[in-house]
Every structure is written in C-alpha cells, then in structure tokens.
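A.B. asks: Please model the entire structure based on the sequences and the hints provided.
What follows is the residue order along each chain.
There are 2 protein chains.
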Amino acid sequence: MEIDKITQGVLNVIDNGTFKQEGAYNLRYNGQPLCHGDSEHIKIKSKTDKNGIDVFIDGNTKGEQVHIPVVVTASGMTDVVYNDFYIAEGAEVVIVAGCGIHNAGCDNARHDGIHSFHVGKGANVRYEEKHYGEGDGTGERILNPVTKIYMDENSVFTLDTAQIKGVDSSIRETEITMEAGAKLFVTERLMTHDKQNAVSNMEIQMNGDGSSAKIASRSVAKGQSSQTFHPKAIGNAACHAHVQCDSIIMDKAEVCSIPEINARHIDASIIHEAAIGRINNEQLIKLRTLGMTEEEAEAVIVDAFLD
Amino acid sequence: MEIDKITQGVLNVIDNGTFKQEGAYNLRYNGQPLCHGDSEHIKIKSKTDKNGIDVFIDGNTKGEQVHIPVVVTASGMTDVVYNDFYIAEGAEVVIVAGCGIHNAGCDNARHDGIHSFHVGKGANVRYEEKHYGEGDGTGERILNPVTKIYMDENSVFTLDTAQIKGVDSSIRETEITMEAGAKLFVTERLMTHDKQNAVSNMEIQMNGDGSSAKIASRSVAKGQSSQTFHPKAIGNAACHAHVQCDSIIMDKAEVCSIPEINARHIDASIIHEAAIGRINNEQLIKLRTLGMTEEEAEAVIVDAFLD
Numbered sequence: 001m002e003i004d005k006i007t008q009g010v011l012n013v014i015d016n017g018t019f020k021q022e023g024a025y026n027l028r029y030n031g032q033p034l035c036h037g038d039s040e041h042i043k044i045k046s047k048t049d050k051n052g053i054d055v056f057i058d059g060n061t062k063g064e065q066v067h068i069p070v071v072v073t074a075s076g077m078t079d080v081v082y083n084d085f086y087i088a089e090g091a092e093v094v095i096v097a098g099c100g101i102h103n104a105g106c107d108n109a110r111h112d113g114i115h116s117f118h119v120g121k122g123a124n125v126r127y128e129e130k131h132y133g134e135g136d137g138t139g140e141r142i143l144n145p146v147t148k149i150y151m152d153e154n155s156v157f158t159l160d161t162a163q164i165k166g167v168d169s170s171i172r173e174t175e176i177t178m179e180a181g182a183k184l185f186v187t188e189r190l191m192t193h194d195k196q197n198a199v200s201n202m203e204i205q206m207n208g209d210g211s212s213a214k215i216a217s218r219s220v221a222k223g224q225s226s227q228t229f230h231p232k233a234i235g236n237a238a239c240h241a242h243v244q245c246d247s248i249i250m251d252k253a254e255v256c257s258i259p260e261i262n263a264r265h266i267d268a269s270i271i272h273e274a275a276i277g278r279i280n281n282e283q284l285i286k287l288r289t290l291g292m293t294e295e296e297a298e299a300v301i302v303d304a305f306l307d
Numbered sequence: 001m002e003i004d005k006i007t008q009g010v011l012n013v014i015d016n017g018t019f020k021q022e023g024a025y026n027l028r029y030n031g032q033p034l035c036h037g038d039s040e041h042i043k044i045k046s047k048t049d050k051n052g053i054d055v056f057i058d059g060n061t062k063g064e065q066v067h068i069p070v071v072v073t074a075s076g077m078t079d080v081v082y083n084d085f086y087i088a089e090g091a092e093v094v095i096v097a098g099c100g101i102h103n104a105g106c107d108n109a110r111h112d113g114i115h116s117f118h119v120g121k122g123a124n125v126r127y128e129e130k131h132y133g134e135g136d137g138t139g140e141r142i143l144n145p146v147t148k149i150y151m152d153e154n155s156v157f158t159l160d161t162a163q164i165k166g167v168d169s170s171i172r173e174t175e176i177t178m179e180a181g182a183k184l185f186v187t188e189r190l191m192t193h194d195k196q197n198a199v200s201n202m203e204i205q206m207n208g209d210g211s212s213a214k215i216a217s218r219s220v221a222k223g224q225s226s227q228t229f230h231p232k233a234i235g236n237a238a239c240h241a242h243v244q245c246d247s248i249i250m251d252k253a254e255v256c257s258i259p260e261i262n263a264r265h266i267d268a269s270i271i272h273e274a275a276i277g278r279i280n281n282e283q284l285i286k287l288r289t290l291g292m293t294e295e296e297a298e299a300v301i302v303d304a305f306l307d
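Chains D and U, in that order, give the protein sequences. Note that the first sequence covers residues 1 to 307 in the UniProt record's numbering. Note that the second sequence covers residues 1 to 307 in the UniProt record's numbering.
There could be a bad hint or two in this list.
[Stated by the list, open to error] Here are the simulated BS3-like cross-link-like pairs (lysine-lysine), alpha carbons at most 27 angstroms apart as the crow flies:
1) D:Lys232 / U:Lys232
2) D:Lys62 / D:Lys121
3) D:Lys232 / U:Lys252
4) U:Lys214 / U:Lys165
5) D:Lys195 / D:Lys222
6) U:Lys195 / D:Lys232
7) D:Lys222 / U:Lys148
8) D:Lys195 / U:Lys232
9) U:Lys183 / U:Lys130
10) U:Lys232 / D:Lys252
11) U:Lys252 / D:Lys214
12) U:Lys43 / D:Lys232
13) U:Lys252 / D:Lys183
14) U:Lys121 / D:Lys232
15) D:Lys47 / D:Lys165
16) U:Lys50 / U:Lys148
17) U:Lys222 / D:Lys252
18) U:Lys121 / U:Lys148
19) D:Lys252 / U:Lys214
20) D:Lys130 / D:Lys232
21) U:Lys121 / U:Lys43
22) D:Lys214 / U:Lys43
23) U:Lys252 / U:Lys286
24) D:Lys252 / D:Lys165
It should be emphasised that the hints constitute simulated quantities derived from the structure, not laboratory data. Model, not experiment: these values are computed from the prediction.
C.D. replies: The following block contains the structure:
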C-alpha cells in the first residue's frame with residue numbers, strides 16, 4: 001500500500017527509517033488499522049471488542065522484529081488503542097513501536113497507547129518506543145502511554161523509550177511485575193521544550209528471588225517546560241535494583257524527580273541516584289574554543305546526553 | 001533542685017550525661033517547666049499563651065550552649081510544647097535538646113515538640129536533638145517533633161537528630177527556608193526495632209542565591225519495624241544540594257525512601273543518592289573470624305553505621 005509523504009516522514013522519525021511492509025507489522029493511522037502482515041512465528045489479530053491488536057509471538061521466534069507504528073495527522077482526534085502482546089516461553093523478539101503526531105490544525109491531537117506484555121518463561125523481549133510531534137498547528141500534540149509488563153521466571157525485558165520532541169503534553173504510566181530470576185533494563189530519554197509538560201510514573205514490583213532491575217532515565221528540559229519523574233522500585237524478595245535519573249535544565253525549565261525505593265525483604269538491595277543541573281560548563285567552553293556558537297555547542301552536548 | 005533517679009538516667013542518655021543546672025537551660029518534666037536558668041547573652045521566657053518557651057540569643061553569644069531537655073515519665077500523658085528560638089545576627093550557639101520517655105504504665109506517653117528557629121544574618125547554630133524511650137510498660141512511647149528553621153542571609157545551621165531506641169511511633173516534620181548564602185548541614189540517624197514505626201518528612205526551600213544544603217540520613221530498621229523517609233529539596237535560586245539516605249534492613253523490617261528533588265532555576269544543582277540493603281556480609285565475616293558471635297558483630301556494625 002502507498003503511504004503519503006507526511007505519514008512517511010513521521011514514520012522515518014519514529015521507526016528509525018526502517019519501516020517496511022514486510023514480516024510482522026501493523027500500521028495504525030488516524031485511529032484505524034491501515035495495513036498489517038503476519039510472519040511464520042508472529043500473528044497479529046485485530047481486537048473485536050475494542051480498538052487495538054493482539055500480537056502472538058510463538059516460542060520459536062528468534063531475533064525477529066515486529067513493527068507497530070502509529071501516526072495521527074487528524075487535528076481534533078483522540079485515538080485510544082489497546083495492544084496486547086503474548087510472548088511464549090523462550091521467544092526472542094524485538095518490538096518496535098512509536099507514535100508520531102502531525103498536527104497542522106487548531107484542535108488537539110491525542111493518542112493513548114495502552115500496551116500489555118505477557119512475557120513467558122525465559123523469553124527475551126526488546127521493546128522500543130519513540131514519541132514525536134510535529135506540524136505548525138496551534139492544537140496540542142498529546143501522548144499518554146500506559147505500559148504494563150508481566151515478566152515470568154527468568155525472562156528478560158529491555159524497555160527503551162524516547163520522547164524526541166514536539167510533544168506538548170505527556171503522562172506516561174509504566175507498571176512492571178517480576179517473577180524469580182527476571183531481568184529488566186529500562187532506558188528512558190525525554191526532551192521537552194517551550195511550554196511542554198511531561199510526567200513519567202513507573203512502578204516496579206520485584207516479587208521473585210533473583211530478580212533485578214536497572215533503570216536509567218535521562219532528560220533535558222528547555223524553554224519553560226516542566227518534567228516530573230516518579231519511579232518506584234519495590235523489593236518484595238531477594239532482588240537488586242539500581243535507579244538512576246539525570247536531568248539537564250536550561251532556560252526557565254523545571255524538573256522534579258521523586259524516586260521511591262522500598263525494601264520489604266532483608267535481601268532486597270536497592271540503590272537510587274538522581275542529579276539535576278545545568279549543562280556542563282567545561283564541555284561548553286571546550287566546544288566553543290573549537291569554533292562553535294553557544295547554541296551549537298549546547299545542541300552537541302544535549303544530543304550526546306540523550307543518545 | 002534535686003532530680004530523681006529515673007529522670008537523671010533519661011537525661012544522661014538524651015543530654016550526653018552533660019546536663020547541669022548552670023548557664024542557660026530549661027528542664028521540662030511531665031508537661032511542666034521544672035527548673036530554668038538564664039545567662040548573660042541567653043534569656044529564656046515561658047510563654048503566657050501556651051506551653052513552651054521563647055529563647056532569646058543575643059548577637060554577642062559566642063560558643064555558648066543552651067540545654068532544653070524534656071522528660072516524660074507519666075503514662076497516659078500527651079505533652080505538646082512550643083519552643084521558639086530567636087538567634088540574633090552574628091550569634092554562635094549550640095542548642096542541646098532531646099526528649100526521653102520512661103513509660104512504665106499501660107497507657108501511651110507522648111511528646112510533641114514544636115520548635116521554630118529564627119536565625120539572624122551570619123549566625124551559626126548547632127542544634128542537637130536526641131530521642132529515646134524506655135520503661136517496661138505496655139503503653140507506647142510516642143514522639144512527633146516539628147522543626148521549622150528560617151535562615152537569614154549567610155547563616156549556618158547544623159541540625160543533628162538521633163532517634164536512639166525505644167520510640168514506638170514517630171512522625172517527624174522538618175521545614176527549612178534558606179536565604180542567600182545560607183548553609184545547612186543535616187545529619188539524621190534513626191534506629192527502629194520490634195514493631196516500631198517512624199516517618200520523617202523534610203522540606204528544604206532554597207530561595208537565595210548561593211544557598212547550599214547537605215543532608216545525610218542513616219537508618220537501621222530491625223525486627224518488624226518500618227521507616228519512611230521523604231526528604232524534599234527545592235532549588236528556587238542558584239544553589240547546591242546533596243541528599244544522601246542510607247538504610248540497613250534486618251529481620252522482617254521495611255524501609256521506604258522517597259526523596260524529591262526539584263530544580264526550578266537553571267543554576268540549581270541538586271543531587272540525591274539513596275541505598276537500602278542488608279548488613280555488609282564481608283564486615284560480618286571479618287568480625288566473626290575475630291571471635292565475635294553473629295549478634296555481637298551485627299551490633300558493632302550497626303553502632304558504627306549510626307555513629
């Protein structure tokens with residue numbers, strides 16, 4: 001199927017320019033499934049009771065990718081979608097999601113992606129999600145993702161989320177439960193500018209012995225934007241968690257970081273580190289001596305920080 | 001005035017055994033002022049509208065100590081007291097407070113000490129506060145301190161609090177506002193055991209350029225006790241803050257740490273670190289090879305950690 005230029009442009013940003021109508025994929029466009037494909041091991045079915053898809057990934061899946069991008073270009077639209085992933089024992093899969101809004105109108109455009117991941121024993125899942133907004137309309141671009149991850153024994157989940165730019169308002173809710181031996185890696189990157197507002201709440205319940213979580217959050221707040229982080233790591237068993245939040249503030253921005261660590265078991269070991277500050281002055285000076293303007297130097301540092 | 005044996009025993013713990021009826025002091029006993037003294041530079045006046053004292057510390061005070069211990073031995077008593085400190089510009093003073101409850105009865109004994117400190121420009125205050133409970137009664141020993149500190153320009157405040165043991169329930173509220181150049185040092189130490197419960201909320205507003213805060217909280221939770229920490233550092237100006245919370249959990253205890261750092265100014269630099277875990281195993285093994293029992297070794301490590 002032919003994809004229009006604006007949609008393809010958005011796809012190039014949120015899907016690393018790699019989106020193809022091949023293998024297992026599902027492209028959602030303005031609240032409707034536009035095209036989709038299955039593969040031998042991965043089957044995608046539309047839900048019949050509400051918006052969204054069920055994705056079944058069988059245990060023989062090894063290193064395959066599923067792409068499920070969402071594009072909204074209709075000003076005034078609120079698109080709520082429920083995507084559920086059933087990952088069988090032993091599967092190894094990369095899921096590339098992402099949502100881009102092109103809003104050229106004066107009404108708000110909003111997408112709420114509610115995702116659940118049922119991760120079987122020993123399965124290994126990498127989930128990538130990019131959020132992006134563009135368009136010169138005055139309407140807001142709003143993204144409120146909900147991510148629920150249920151990790152069975154010895155499963156591995158890598159959650160890699162990025163809010164690139166152009167998202168006026170975002171409330172992210174992430175809930176994760178972990179059984180014995182499960183390993184979680186979270187990388188969250190976030191950039192806000194102008195009068196944007198972003199909130200990220202995350203709750204990780206480590207219920208099984210030997211479970212471990214490594215959370216890294218990096219953010220840059222520019223303009224008059226504001227960001228609030230509230231990651232919560234709860235150790236109910238013999239487990240390890242390390243939570244790290246680093247933020248750069250610029251201009252008149254505001255960042256609030258409220259990590260919560262809660263140890264309810266003598267062998268729960270949880271560490272948190274957070275730092276908020278301005279851009280590193282020595283790096284700035286070094287780049288400026290190389291001939292860059294202040295703006296160029298800042299852009300290089302910010303890009304490297306969020307990379 | 002003669003002090004009875006039980007009261008003297010409690011005083012020895014909460015006042016480092018140094019309490020004397022000399023210089024500026026005020027001993028509060030079972031809800032009544034028992035004895036007090038003034039010095040040339042420090043005057044203590046009983047409030048006429050409610051329980052408590054006003055302490056006036058003049059600008060010529062240099063290195064003097066004020067002792068204001070509180071002892072409760074009456075089971076069933078709830079003692080609420082308001083103590084206000086007016087520290088003049090340039091004063092240098094050490095304030096030794098502390099509250100001990102000896103409860104031999106079956107009813108609860110409770111003390112709420114509500115303290116405010118008005119710290120003048122350039123003044124340097126060290127405030128020490130020890131909380132302690134004892135007595136073989138079944139009634140609870142409850143301490144709910146409220147501490148409000150207003151720091152004028154270039155003042156220095158060192159807040160050193162310790163909950164030693166025997167306190168069944170404690171809710172601590174601390175509020176601090178800081179003007180330009182003010183420097184704050186907080187050391188909080190807390191030990192809970194059995195079914196004790198302790199909550200510590202702290203809010204630091206850094207409003208002036210060049211203000212800085214260094215917060216160190218160390219705690220040990222034993223038995224089935226639970227602890228919750230909620231320190232909040234807010235940077236409204238060019239300021240620095242470093243918050244560190246370290247907790248050891250033992251037995252079936254639970255520790256929850258919810259630090260909040262909030263930067264509202266591009267030159268606000270705020271760092272937080274928190275760690276919760278069990279006692280260091282290598283230290284334990286080392287001490288046991290020196291011939292200590294497991295209990296002895298644990299006691300040495302815990303004492304060193306809280307020292």
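A.B. asks: So, for every hint listed, does it hold in this structure?
C.D. replies: Status of the hints after comparison with the structure:
In summary, the hint linking lysine 232 (chain D) to lysine 232 (chain U) is supported, as the alpha carbons are separated by about 16 angstroms, within the 27 angstroms threshold. For the suggested pair lysine 62 (chain D) and lysine 121 (chain D), the alpha carbons sit about 15 angstroms apart, so the restraint of at most 27 angstroms is met. With a C-alpha separation of about 21 angstroms, the suggested pair lysine 232 (chain D) and lysine 252 (chain U) falls inside the 27 angstroms cut-off, and the hint holds. Taking the CA atoms of lysine 214 (chain U) and lysine 165 (chain U), the gap is near 25 angstroms; set against the 27 angstroms cutoff, the hint holds.
Between the alpha carbons of lysine 195 (chain D) and lysine 222 (chain D) the distance comes to roughly 9 angstroms, so the proposed pair stays at or under 27 angstroms and holds. Between lysine 195 (chain U) and lysine 232 (chain D) the alpha-carbon distance is near 24 angstroms, which keeps this suggested pair within the 27 angstroms criterion. At most 27 angstroms may separate the alpha-carbon atoms for a hinted pair to count; lysine 222 (chain D) and lysine 148 (chain U) exceed this at roughly 34 angstroms. As the CA atoms of lysine 195 (chain D) and lysine 232 (chain U) are separated by approximately 24 angstroms, the hinted pair is consistent with the 27 angstroms bound.
Using a Cα cut-off of 27 angstroms, the hinted pair lysine 183 (chain U) and lysine 130 (chain U) holds, with the two alpha carbons roughly 22 angstroms apart. Annotation: proposed proximity of lysine 232 (chain U) to lysine 252 (chain D) holds, straight-line Cα distance about 20 angstroms (limit 27 angstroms). Annotation: proposed proximity of lysine 252 (chain U) to lysine 214 (chain D) holds, straight-line Cα distance about 25 angstroms (limit 27 angstroms). Taking the CA atoms of lysine 43 (chain U) and lysine 232 (chain D), the gap is about 48 angstroms. The hint is violated against a cut of 27 angstroms.
For the hint linking lysine 252 (chain U) to lysine 183 (chain D), the alpha-carbon distance of about 25 angstroms falls within 27 angstroms, and the restraint holds. Between lysine 121 (chain U) and lysine 232 (chain D) the alpha-carbon distance is near 40 angstroms, which puts this suggested pair outside the 27 angstroms criterion. At roughly 31 angstroms between alpha-carbon atoms, lysine 47 (chain D) and lysine 165 (chain D) are farther apart than 27 angstroms, so this suggested pair is violated. Straight-line distance between C-alpha atoms of lysine 50 (chain U) and lysine 148 (chain U) comes to about 18 angstroms, which keeps the hinted pair within the 27 angstroms bound.
Taking the CA atoms of lysine 222 (chain U) and lysine 252 (chain D), the gap is about 45 angstroms. The hint is violated against a cut of 27 angstroms. At roughly 17 angstroms between alpha-carbon atoms, lysine 121 (chain U) and lysine 148 (chain U) fall within 27 angstroms of each other, so this suggested pair holds. Taking the CA atoms of lysine 252 (chain D) and lysine 214 (chain U), the gap is about 25 angstroms. The hint holds against a cut of 27 angstroms. Of the supplied pair hints, the one linking lysine 130 (chain D) and lysine 232 (chain D) holds, its CA atoms being roughly 22 angstroms apart against a limit of 27 angstroms.
With a C-alpha separation of about 20 angstroms, the suggested pairing of lysine 121 (chain U) with lysine 43 (chain U) holds against the 27 angstroms cut-off. Under the criterion of a C-alpha separation no larger than 27 angstroms, the hint pairing lysine 214 (chain D) with lysine 43 (chain U) is inconsistent with the structure, at around 55 angstroms. Restraint check for lysine 252 (chain U) and lysine 286 (chain U): satisfied, since their Cα atoms lie roughly 24 angstroms apart, inside the 27 angstroms limit. Pair hint lysine 252 (chain D) plus lysine 165 (chain D) holds up; C-alpha atoms about 17 angstroms apart against a cutoff of 27 angstroms.
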